[in-house]
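Participant: Which chain is which? The protein sequence lines are D and F, in order. Here the first sequence is numbered in the UniProt record's numbering, starting from 1 and rising by one per residue. Here the second sequence is numbered in the UniProt record's numbering, starting from 1 and rising by one per residue.
Don't read these hints as lab results, they were simulated from the structure. Ideal placement from N, C-alpha and C gives every residue a C-beta, glycine not left out. Possibly wrong hints are sitting among the right ones.
Covered by chain D, according to a simulated footprint, are these stretches of chain F (three or more residues, beta-carbon under 8 Å) [as the list claims (entries may be wrong)]:
#	stretch
1	6-14
2	67-75
3	142-152
4	160-169
5	247-253
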Amino acid sequence: MRADDVPQDKSSTYAGHKKLLYAQGQDGQYQGVQSTGWDVEATATLDAVAQFELWAEQARSEVIAGAKSPLYFHMYDCRMDLPLLCQLTGIWRWRVKRHFNPRHFVRLNESVLQRYAEAMDRPVTYIQSLPEKPE
Amino acid sequence: MTFSHSQSAHCESGVISSLLTHHGLPISEPMAFGLANALAFAYIPIVKLGGQPLIAYRLPPRAIIKGLCKRLGVEVKFHKFKDPMTAANALDDLVEKNVLVGLQTSVYYLPYFPEEMRFHFNAHNLLVYGKRETVYQISDPVFEEPMEIAPRDLNKARFVRGPLAPKGLMYTIDSVPERIDYPKVISAAIAKNVKVMTGAPLPVIGIRGIHYLAKKIDKLNGSEKDKRLYLGHIVRMQEEIGTGGAGFRFVYASFLQESAKLLGDESLTDASKAMTNVGDTWREFALIVVKECKSKEPINLKRISDKLRACAEQEKQVWLQLKSWCKQST
Numbered sequence: 001m002r003a004d005d006v007p008q009d010k011s012s013t014y015a016g017h018k019k020l021l022y023a024q025g026q027d028g029q030y031q032g033v034q035s036t037g038w039d040v041e042a043t044a045t046l047d048a049v050a051q052f053e054l055w056a057e058q059a060r061s062e063v064i065a066g067a068k069s070p071l072y073f074h075m076y077d078c079r080m081d082l083p084l085l086c087q088l089t090g091i092w093r094w095r096v097k098r099h100f101n102p103r104h105f106v107r108l109n110e111s112v113l114q115r116y117a118e119a120m121d122r123p124v125t126y127i128q129s130l131p132e133k134p135e
Numbered sequence: 001m002t003f004s005h006s007q008s009a010h011c012e013s014g015v016i017s018s019l020l021t022h023h024g025l026p027i028s029e030p031m032a033f034g035l036a037n038a039l040a041f042a043y044i045p046i047v048k049l050g051g052q053p054l055i056a057y058r059l060p061p062r063a064i065i066k067g068l069c070k071r072l073g074v075e076v077k078f079h080k081f082k083d084p085m086t087a088a089n090a091l092d093d094l095v096e097k098n099v100l101v102g103l104q105t106s107v108y109y110l111p112y113f114p115e116e117m118r119f120h121f122n123a124h125n126l127l128v129y130g131k132r133e134t135v136y137q138i139s140d141p142v143f144e145e146p147m148e149i150a151p152r153d154l155n156k157a158r159f160v161r162g163p164l165a166p167k168g169l170m171y172t173i174d175s176v177p178e179r180i181d182y183p184k185v186i187s188a189a190i191a192k193n194v195k196v197m198t199g200a201p202l203p204v205i206g207i208r209g210i211h212y213l214a215k216k217i218d219k220l221n222g223s224e225k226d227k228r229l230y231l232g233h234i235v236r237m238q239e240e241i242g243t244g245g246a247g248f249r250f251v252y253a254s255f256l257q258e259s260a261k262l263l264g265d266e267s268l269t270d271a272s273k274a275m276t277n278v279g280d281t282w283r284e285f286a287l288i289v290v291k292e293c294k295s296k297e298p299i300n301l302k303r304i305s306d307k308l309r310a311c312a313e314q315e316k317q318v319w320l321q322l323k324s325w326c327k328q329s330t
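Next comes chain F alone, as it looks inside the complex:
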């Protein structure tokens, strides 16, 4: 199969961008991310990762692929398996037929990952594009180069139990539309994203969720070490490979810029600039958290939560701007 690997910032938007491009529907990663209205914020205390609450800066796994394909009218097929053997055979069949296959895997069991990055995170996406002798050829979107992996390791990574268990999830593209009605899908995606960020009925989602987290930080108690762990966890959820809170703001800004060009709409360029500033503020937030954690003085929680509130307020303005843009364009 002629397949060209390309690196992306995020695994899921990268995988779907590669898949669609391979099937003759070229789409950039930011465009895929934006059209899936993937930007989000959610603070979910009942899901624990290593004893810490889940903080998501984007939609839950699979939502990007599903959302994007639905919006564009792409037919995508998902398969889950009960039995690892059946799953491995199904994958082999597709690889033999030269089909590009997407898989959900756990990072911990992928041997090519840097040792210090291997945590138990079950929703990492990658593509299998072929087999060389006995090893699978893999396009892992967050790496610069294609990778290879032994069948045993891949099967292991596909059948991990626990939170967000992949259950061997495998997906392929059946058909792609001839053309895309960009003005329509772009405004629909932005409108949906505005809704998620500003109008969610729960206090832990969207802009309200960011304020909720800020309040949590204000009320943090326990030892300095507990606080450090909690705050460090926020930064990890924000910046590490596979997640990336500030990074997502830049991806979205890039999407807005691309949309502005496609639609010839200056107000989206402005929104893109504003979103870039939001991303910068998120990065400053991460910097402040790490500085506070590293310093020998007691952690200044107020300084951290104030910065977080600044992120929230700044981001809110962008969403309001986009909201009025949506109203005008319809």
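Bound-form chain D, shown alone:
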């Protein structure tokens, strides 16, 4: 890649930061060149973010319908899925699934909730309920 071909697409995913790429200058010598983003990369990243948002929104309606516990929503809201949540908390899959059931979830003790809260980096009281939809 030539230095003047380094994409400067000002991607929102970089949040104003710049990333370093190696590219060739006029003389063919490699040098570090800062890039403000590349649309191709940003599209792929934003697609992945959108996927988690979609899951979170679907989870929200299931929680409101009373089919799932708030934990289910928070999982997707923290960009996790079931296998990852199990690994991050060290809680077995069947137990986590059980905790997606609102009836079981309300009876959870503090120490289990604490493990979820820690993995999600959110306060216990926050993950116990469904947060308001951001405007």
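Put chain F on the given structure of chain D with help from the hints.
Facilitator: Frame of chain D, contents of chain F only:
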């Protein structure tokens, strides 16, 4: 401590380049990357990231640091911890003694990362070079400027469980060699890299791995949306901060160019040019994938997998070229 932050393309090669330079062994990031024979390709379906297979364009985490230090004869010390408190105290002790410390962390828990980049990726490397009042001063190699982070956030990021769990991993340099025998280490590193890319015994690694992925793409089924997710995932693994498939080809080309100058060897310059072309093809591949995913027409899988095969073939030629170079130079 007098420490100067420098930005790099990749976190691990950047961290080790900064560490060694700080300890009086100046080494550029591409040189560190190349000497660690870090370029690779691996398609690992049993490790899942967000339900998608792991596709790596370089060696697994820690391999760059370990490989480079072994090759150069640098003594590096790794520490893992069971208990976050002990780990935090150990870090504080070193910071007090003005030692530059490398850490493995999870991107998701680093607050200074752009919101849209914060995914659960556990093998991000950074350096701690000091403490200002209660916050740590950090040199995160993929950022332009040094950063600061609260102890709570840093401890959190060091003790995440899950795939590639850092377990508080901390590393420091004990000693560096007086001088480096460049002709020897360069040819050893290139020979090793040729082996990884062309001679791995598994079909999912190296050039064969790229063909394997192409075949997977041909056979993709499911809804258009599933396909889009899968293909988008390939691009993300290739281009996002911390990874970078095409980017690594350029880093390696830069390494070959630097080596050519050090050894006064024209054939390495040619290899560098060829590797640059490979990187360009990888970028074209990413572009095609995103274009196909965005278009309203059904995704043309054949077009994508053909481009990927072109990457594989082109890259294979470079490795064969380097292979014969290795034979000549020994």
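Participant: Work down the list of hints and note, for each, if the structure agrees.
Facilitator: Going through the hints against the structure:
{"no.": "1", "hint": "6-14", "result": "holds (count 3)"}
{"no.": "2", "hint": "67-75", "result": "violated (count 0)"}
{"no.": "3", "hint": "142-152", "result": "holds (count 3)"}
{"no.": "4", "hint": "160-169", "result": "holds (count 4)"}
{"no.": "5", "hint": "247-253", "result": "holds (count 4)"}
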